[in-house]
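Student: Residue numbers (the UniProt record's numbering), protein chains in the order written: chain Y, 1 to 410; chain G, 1 to 292.
No lab work stands behind these hints: they were computed from the structure. Since this is a predicted model, take the numbers as computed values, not measurements. Relax, there's no trap hidden among the hints.
Below, in silico cross-link-like pairs of lysine to aspartate or glutamate (DMTMM-like), each with a Cα-Cα straight-line distance of 20 Å or less:
hint, chain 1, residue 1, chain 2, residue 2
1, Y, LYS402, G, GLU127
2, Y, LYS287, G, ASP215
3, Y, LYS60, Y, GLU83
4, Y, LYS215, Y, ASP160
5, Y, LYS233, G, ASP116
6, G, LYS115, Y, GLU290
7, Y, LYS243, G, GLU3
8, Y, LYS287, Y, GLU336
9, Y, LYS233, G, ASP263
10, Y, LYS405, Y, ASP294
11, Y, LYS233, G, ASP215
12, Y, LYS334, G, ASP116
13, Y, LYS405, Y, ASP313
14, Y, LYS243, G, ASP263
15, Y, LYS182, Y, GLU400
16, Y, LYS182, Y, ASP387
17, Y, LYS287, Y, ASP403
18, Y, LYS191, Y, GLU400
19, Y, LYS195, Y, ASP248
20, Y, LYS371, Y, ASP361
21, Y, LYS287, G, ASP116
22, Y, LYS373, Y, GLU386
23, G, LYS115, Y, GLU336
Incomplete in silico selection of chain Y near chain G, CB under 8 Å:
hint, residue
24, SER202
25, LYS229
26, PRO235
27, SER236
28, SER238
29, SER239
30, GLN240
31, LYS243
32, LYS269
33, ASN272
34, LYS287
35, GLY293
Using N, Cα and C, we set each Cβ at its ideal position, and we do this for glycine too.
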Amino acid sequence: MKKRQFKQWLYPLAVASLVLLTACGGGAKPAAEGNSTGGGQAAGQSQPAATETASKEPIKVGAIFSLTGANSPLGVPEKQAVELLLKEINDAGGVDGRPVEIVFEDDKSDNTEAVKAIKKLVSKDKIVAVLGSSGSGPSLGMAEYAASENLPMISMAAADQVTNPVRAGIFKTPHTDVHGTKRIFKYLQEKGITKIATLNDSNPYGSGWTQQIQKYAPEYGITIVAEEKYGTKDPSMSSQLTKIKGTDAQVLIVAGTNPGPATIVKEAKQLNLGIPIISSHGSANSKFLELVGDAGEGVLMVAGKLLVPDQVDANDPQAAIIKKFVDGYQAAYKSEPDGFAGYGYDGLNLLVEGLKQAGGDASKLGEVLEKVKYVGVTGEFTFSAEDHNGLTEDSMIMVEVKDGKFQLLK
Amino acid sequence: MTEFLQYVANGLVSGGIYAIVAVGFITIYNVSKVINLAQGEFLMLGGMVAVAMIGMNVPYVIAVVLAILLVTLVGIMMQKYVIAYVKKANPISLIILTIGISTLFRGVASLIWGKDAFALAPITSNEPISFGGVMVAQQSLWILAAVLIILFLLWYLMERTILGKKINACSVNPMAARLMGISPAKMSMLAFAISGATGAIAGIVIAPLSVTSYDIGVLLGIKGFSAAILGGLGNPLGAAVAAFLLGIVESLGAGYVSSGMKDAIAFLVLIGMLLVKPSGIFGERSVGKGGL
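Take the sequences, apply the hints, and build the full model.
Tutor: The structure is reproduced here in structure tokens:
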């Protein structure tokens, strides 16, 4: 009887002490919103993915993506791309004859869950490096912990702050709002456009864009004549558009993730806005085309080359890897990969490339990756001690929506 | 001046949406004293079911009618199998129960249709109409038409028919109503059916203007509820007027002050008004101690 009672207490006690230990083990102060590890349960379900074919001990890597919640349209393709590439890597013999094993976790698009997941991966699964997460908030929380644990991390989040300021061992694959802003401004310069209006989401992604646009506009001789915001869930943005219509802006820049930009494009047509709309890479996918319908004709967009794989120039250094990735992804999942799948693909490729150059020693990964040059599906990565994103705005393209399809602008 | 009128026009459209939601709240509240916080989910279900059916190649009109009927049925089932089942519970428990149901609806919707947003084709063409420089989407006119028709029908039902009198009787004194051979449970079911139907209509007419997704009901539910409170809970006309007011204040706030602050401005006005007149603009209608 006593024994049973003891057993009943044992589990909660163990969990509680685990939480306490991991919370204390953090050392440095993690991001404010990321540290409140309230609950006792371990986050998400883990799914060991690699089959242990080789006799040698596998290299264990963690991967945290937003598989459910608001960021799931990002996280799901990322995981699919990573699974596809993982199989290919292990079939080719892994790294130094050792297979790579990935433990997947779902952060539920939540900052706290992401930090819980990375703590679990470190303490329970003993991973040597981590991929993820999909969103900027969860990634920033994870980066704080990963940096304090000297755990190499490659994020798939857009926000510039993930790798700015640079921290040892923390890298990211997607284009940032800085690249997007500069690429759009270059285009505007070519067209001789100097007056812009912005209508950005008030979430971290859109606010990031607002900041970068403010910062770089003077450099390109551009004046912001209206700077409006909308809430992610707002059903209508027509008042903001009415205000913009009353200004002498020559073009409207919209930064947000779907469905916001699609709603704006539709309403702009209803209000007869009359100026071109340029949308950010956050909305550059087939869902956008589906949502806007024929109201989308003529909308411009800044994006990675993966958005129009069949229009990439054959002489482009990225052409080969993009073709290989798109073909493989289509064969496996019967759908076209989007930019997010590409971020995941590049992330694992970079990690494996780094591990190979470090001779399988993950502790050297942080230093090695700073010297890695890698041509990926997102762009040509050239990391350095000052740049842990490795991309430039030249790897982005401008596209126009024509006949319901994305058309590359030369 | 054109700009000002355009803001007002935009505000009238969002106000119209809030008005349908608010009236849905009040219809149920008046009969059963339950504040149905799953009202926003009726909108979501209406829009999503219509989109799903059109996706299965069901003709537009039939899909819309089926979606409205289905959501009406959902409303009836909700009353019959949940609300009526716990008739001894106090109103607070019932309200919390409706929160649970709204979460359930959202969860089920996200399982069936995923978390993506969907577009619905407009009832008539996408071309806007210009009224002396003020641009209005054709769909917006449909929204306003839907609001006016719903308000008129509800007014007619409540004020001009025996059925309306029965509903009123249940709300004033359920015991006396029962003695007169009126079943309060049936009237409550009718109220849920009406709420479901109006909610579905709202969800369908607003979907083409922007997009619809599993979670659009949350924000619209809050806005509609605020309008219902502002107008004086229990008063359909007051709720409709308050809803239009809320929409216009939001739109003007976004236009003349700051778009980042538009919700803050709208709710500040709401709080201010309630501080001055706690029972709402038109005052809470005194409807006895009705209930199930």
